[in-house]
Amino acid sequence: MPQDTPSSTDPENDATLVHLVDAFIEDRLSEEEKCALEERLLNDEQAMDYCADRIGFHADMQQLLEPIRVEVIQKRHFVFERKHGLPRFVLRESQVTQVGNPSTGTTIEIPPQRVDSKDFKKRILIIGALTLTLILALVCYLVWNNQKNSASTTAPHLVLRNADFESTSLAEDEDAFSYMLIDWQDLFMTTRAGICDISRFSEGKITAPSGTNVAMLKPKSYLTQRLRMSDDTPLRVSPGLHIRVRGKVMAEDTSEPASLRLALRVVQSIIPEMVQYEPKHVMIPLEGQNWMNFEADFILPDDPEDMALTPSDVMVESKVGQEFNINGEPLTLSIDNRTKTTIFLDDLSIEILCDKTNH
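Be aware that the sequence shown starts at 1, since it is given in the working numbering, and climbs by one per residue.
Source of the hints: derived by calculation from the structure; they are not laboratory data.
In this text the structure is predicted, and so the values were computed from the model without any measurement.
Where a beta carbon is used, it is the ideal one built from N, C-alpha and C, also for glycine.
Careful, some of the hints might be misleading.
Claimed, not checked - Here are the computed distance ranges between Cβ atoms for each label pair:
{"id": "1", "residue 1": "Ser230", "residue 2": "Ile299", "range": "18 to 24 Å"}
{"id": "2", "residue 1": "Gly240", "residue 2": "Asp22", "range": "42 to 48 Å"}
{"id": "3", "residue 1": "Ser210", "residue 2": "Ala52", "range": "34 to 40 Å"}
{"id": "4", "residue 1": "Ser312", "residue 2": "Asp22", "range": "47 to 53 Å"}
{"id": "5", "residue 1": "Gly321", "residue 2": "Ala171", "range": "48 to 54 Å"}
{"id": "6", "residue 1": "Ala15", "residue 2": "Glu172", "range": "31 to 37 Å"}
{"id": "7", "residue 1": "Lys220", "residue 2": "Glu305", "range": "31 to 37 Å"}
{"id": "8", "residue 1": "Asp297", "residue 2": "Leu187", "range": "19 to 25 Å"}
{"id": "9", "residue 1": "Glu33", "residue 2": "Glu351", "range": "27 to 33 Å"}
{"id": "10", "residue 1": "Asp297", "residue 2": "Asn43", "range": "51 to 57 Å"}
{"id": "11", "residue 1": "Glu287", "residue 2": "Gly240", "range": "29 to 35 Å"}
{"id": "12", "residue 1": "Glu26", "residue 2": "Asp313", "range": "47 to 53 Å"}
{"id": "13", "residue 1": "Glu351", "residue 2": "Glu256", "range": "29 to 35 Å"}
{"id": "14", "residue 1": "Glu305", "residue 2": "Val282", "range": "20 to 26 Å"}
Claimed, not checked - SDA-like, lysine to any residue: derived pairs with alpha carbons at most 20 Å apart:
{"id": "15", "residue 1": "Lys248", "residue 2": "Asn293"}
{"id": "16", "residue 1": "Lys356", "residue 2": "Phe294"}
{"id": "17", "residue 1": "Lys340", "residue 2": "Lys280"}
{"id": "18", "residue 1": "Lys356", "residue 2": "Pro330"}
{"id": "19", "residue 1": "Lys280", "residue 2": "Val237"}
{"id": "20", "residue 1": "Lys340", "residue 2": "Ser255"}
{"id": "21", "residue 1": "Lys340", "residue 2": "Glu305"}
{"id": "22", "residue 1": "Lys356", "residue 2": "Asn325"}
{"id": "23", "residue 1": "Lys205", "residue 2": "Asp231"}
{"id": "24", "residue 1": "Lys248", "residue 2": "Asn290"}
{"id": "25", "residue 1": "Lys218", "residue 2": "Pro285"}
{"id": "26", "residue 1": "Lys218", "residue 2": "Val237"}
{"id": "27", "residue 1": "Lys280", "residue 2": "Ile352"}
{"id": "28", "residue 1": "Lys248", "residue 2": "Ala208"}
{"id": "29", "residue 1": "Lys280", "residue 2": "Pro330"}
{"id": "30", "residue 1": "Lys356", "residue 2": "Asp231"}
{"id": "31", "residue 1": "Lys280", "residue 2": "Gly328"}
{"id": "32", "residue 1": "Lys280", "residue 2": "Asn325"}
{"id": "33", "residue 1": "Lys220", "residue 2": "Phe177"}
{"id": "34", "residue 1": "Lys280", "residue 2": "Ala308"}
Using the sequences provided together with the hints, build the complete structure.
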């Protein structure tokens, strides 16, 4: 009995095969997907037939939807002849139909043939129906393409870069640890924070919620990231702005009270002296030595005048107590470990719940 293979199912209901074939036709296969498709086609006849049908369909559609010109040349034939010694007058009509692409100049000509008047009308109707069908197909394609483009063009949204800390591979790192916190040390750096392959780093005592890497914040360390929209424009302070940050957190030791501190900040200066303003911060108490979900909401005041703040972190004596209105300034997310234990982070996300400026 033959073994049960993917060919025993309908290829059109195989989401993986459909995705691979469509990606191949659209020239967007990754190397891994390319190998998967080649192996599937070598071992599955139905998959090979399905792929061939899809390629043929796309080729036909491309030819169908190219610019088309249909030209019908009509000729009238008046024939006077004698048959069996009697005069005879016959009226006939003939036509030459040319179908082609005016952009390339190529045409296909239907050979001229004489037709009677009654047949000529039928042929005109057939050609008209075919032309109308081509036009309708083109219109349907344009509508579908427009809807596809509209669906793919979404409004900019707030994103956290490297939110799962997987941008750096630690597979070849013997220590299973690195200071390569890509996208997370935009403004300030600390040697007390990094990423680790938590399973290897803890010798199997701890596993990551997803992937392999997590952020590791030793005591008095932090992560910072300038907040940006998906179109790479900065997120700026605005009245009533409401942001929510989610993620997973775990403390290495909770024998003493421990908490994670998250804050929205405006960094006015880095060099020569650091000056920051902090409109909001949230404390997340940590309980137990297991991964826990957390959620932090930051809601800015509705009144722009309430955006006038004194520095929260400052190294310039002249700035101490001096107010600065941060309205319209770029925002930075800071995640701080101000406890005496190491804290691990993973699977962070961020979203805007309310933004009256329509970022």
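Hints versus structure:
At about 22 Å, the CB distance of Ser230 to Ile299 agrees with the hint of 18 to 24 Å. For the pair Gly240 and Asp22, the supplied restraint of 42 to 48 Å holds, since their beta-carbon distance comes to about 43 Å. Taking the beta carbon of each, Ser210 and Ala52 are about 39 Å apart, inside 34 to 40 Å as hinted. A beta carbon spacing of about 52 Å between Ser312 and Asp22 agrees with the range 47 to 53 Å that was offered as a hint.
In this structure the supplied range 48 to 54 Å holds for Gly321 paired with Ala171, their Cβ-Cβ distance being about 51 Å. Between Ala15 and Glu172 the beta carbon distance is about 34 Å. The supplied range of 31 to 37 Å therefore holds. Separated by about 35 Å at the C-beta atoms, Lys220 and Glu305 satisfy the suggested range of 31 to 37 Å. In this structure the supplied range 19 to 25 Å holds for Asp297 paired with Leu187, their Cβ-Cβ distance being about 23 Å.
For Glu33 and Glu351, the Cβ-Cβ distance of about 30 Å falls inside the hinted range of 27 to 33 Å, so the restraint holds. For the hinted restraint 51 to 57 Å between Asp297 and Asn43, the CB-CB distance of approximately 52 Å keeps it satisfied. Between Glu287 and Gly240 the beta carbons are some 32 Å apart, a value that agrees with the proposed interval 29 to 35 Å. Taking 47 to 53 Å as the suggested C-beta distance range, the pair Glu26 and Asp313 conforms, at roughly 50 Å.
Checked against the hint of 29 to 35 Å, the C-beta distance between Glu351 and Glu256 comes to roughly 33 Å, which is consistent with it. A C-beta distance of roughly 23 Å is found between Glu305 and Val282, which places it inside the suggested range of 20 to 26 Å. Distance check on the hinted pair: Lys248 and Asn293 sit about 5 Å apart at the alpha-carbon level, within 20 Å; holds. Restraint check for Lys356 and Phe294: not satisfied, since their Cα atoms lie roughly 26 Å apart, outside the 20 Å limit.
The straight-line distance between the Cα atoms of Lys340 and Lys280 is roughly 23 Å, outside the 20 Å bound, and the hint therefore fails. The hinted pair formed by Lys356 and Pro330 meets the criterion: a straight-line CA distance of about 16 Å does not exceed 20 Å. For the hint pairing Lys280 with Val237, the CA-to-CA distance comes to about 11 Å; that is within 20 Å, so the pair holds. With a C-alpha separation of about 10 Å, the suggested pairing of Lys340 with Ser255 holds against the 20 Å cut-off.
Among the hinted pairs, Lys340 with Glu305 is inconsistent with the structure: their alpha-carbon atoms are about 38 Å apart, more than 20 Å. For the hint pairing Lys356 with Asn325, the CA-to-CA distance comes to about 18 Å; that is within 20 Å, so the pair holds. As the CA atoms of Lys205 and Asp231 are separated by approximately 40 Å, the hinted pair breaks the 20 Å bound. Between Lys248 and Asn290 the CA atoms are separated by roughly 10 Å; this keeps the pair inside 20 Å, and the hint holds.
Taking the CA atoms of Lys218 and Pro285, the gap is near 16 Å; set against the 20 Å cutoff, the hint holds. In summary, the hint linking Lys218 to Val237 is not supported, as the alpha carbons are separated by about 30 Å, beyond the 20 Å threshold. Among the hinted pairs, Lys280 with Ile352 is consistent with the structure: their alpha-carbon atoms are about 15 Å apart, no more than 20 Å. A distance of roughly 10 Å separates the Cα atoms of Lys248 and Ala208; the hinted pair therefore holds under the 20 Å criterion.
For the suggested pair Lys280 and Pro330, the alpha carbons sit about 14 Å apart, so the restraint of at most 20 Å is met. A distance of roughly 18 Å separates the Cα atoms of Lys356 and Asp231; the hinted pair therefore holds under the 20 Å criterion. With a CA separation close to 15 Å, the supplied pair Lys280 and Gly328 stays within the 20 Å bound. At roughly 14 Å between alpha-carbon atoms, Lys280 and Asn325 fall within 20 Å of each other, so this suggested pair holds.
For the hint linking Lys220 to Phe177, the alpha-carbon distance of about 18 Å falls within 20 Å, and the restraint holds. Restraint check: the Cα-Cα separation between Lys280 and Ala308 comes to about 13 Å, which is no more than 20 Å; the hinted pair holds.
The structure fails to meet hints 16, 17, 21, 23 and 26 from the earlier list, while all remaining hints are met.
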